[in-house]
Amino acid sequence: DAGVIQSPRHEVTEMGQEVTLRCKPISGHDYLFWYRQTMMRGLELLIYFNNNVPIDDSGMPEDRFSAKMPNASFSTLKIQPSEPRDSAVYFCASSFQGVVDTIYFGEGSWLTVV
Amino acid sequence: KNEVEQSPQNLTAQEGEFITINCSYSVGISALHWLQQHPGGGIVSLFMLSSGKKKHGRLIATINIQEKHSSLHITASHPRDSAVYICAVLETSGSRLTFGEGTQLTVNP
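Going line by line, the protein sequences match chains A and B.
First residue of the first sequence: 1, per my numbering; consecutive thereafter.
First residue of the second sequence: 1001, per my numbering; consecutive thereafter.
No false leads were slipped in.
List time: in silico DMTMM-like cross-link candidates among lysine to aspartate or glutamate, alpha-carbon distance up to 20 Å:
hint, chain 1, residue 1, chain 2, residue 2
1, B, K1054, A, D101
2, B, K1055, A, D101
3, B, K1053, A, D101
These are calculated hints, taken from the structure and not from any lab test.
Produce the entire structure from the sequences given, and follow the hints as far as they go.
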């Protein structure tokens, strides 16, 4: 299996623009997680899905952030409008049984908002 | 005070040395993860444990639930072990991980 696949790997965008990050989880994994990593706050969970259903989105910073999982093999994280403070590395991860199981991370999407 | 504290924050070692990274937490947990993040940014899960000890190659992870403490050991360290090592815990009552700030390990040849 190719692992968790994220795109784009790097994105630089102007403040106010819409950003869409994409993720393909490992086939057969029922859980998908979106994490954000910054120097100030470290790793933090934004949202996770179980069987394509959002379970906990309490980590989503504000209404500018939204995430969808239309099917078992694809998820998106959208930021609209983007702001400089959104600059971070966004990781998608998946697992069979949630966080009581090995979690497989993608390579991350490095977002810079100028 | 963070719920998950790692020590040391930074560690420099010579190739071949035995390395220990510590993780202490203040809440009841049902699982603890050790993650490795390489300079390129990718994160790899090393261990998930809820009791006792696990070993994989040169890496050993232990956990003491009563003392709320876990250690990650690296035997015969190598420059390719240079990375940030992150501890993360799953609270007994929760469904999300709480992450430590990470330990930056540098192994010199």
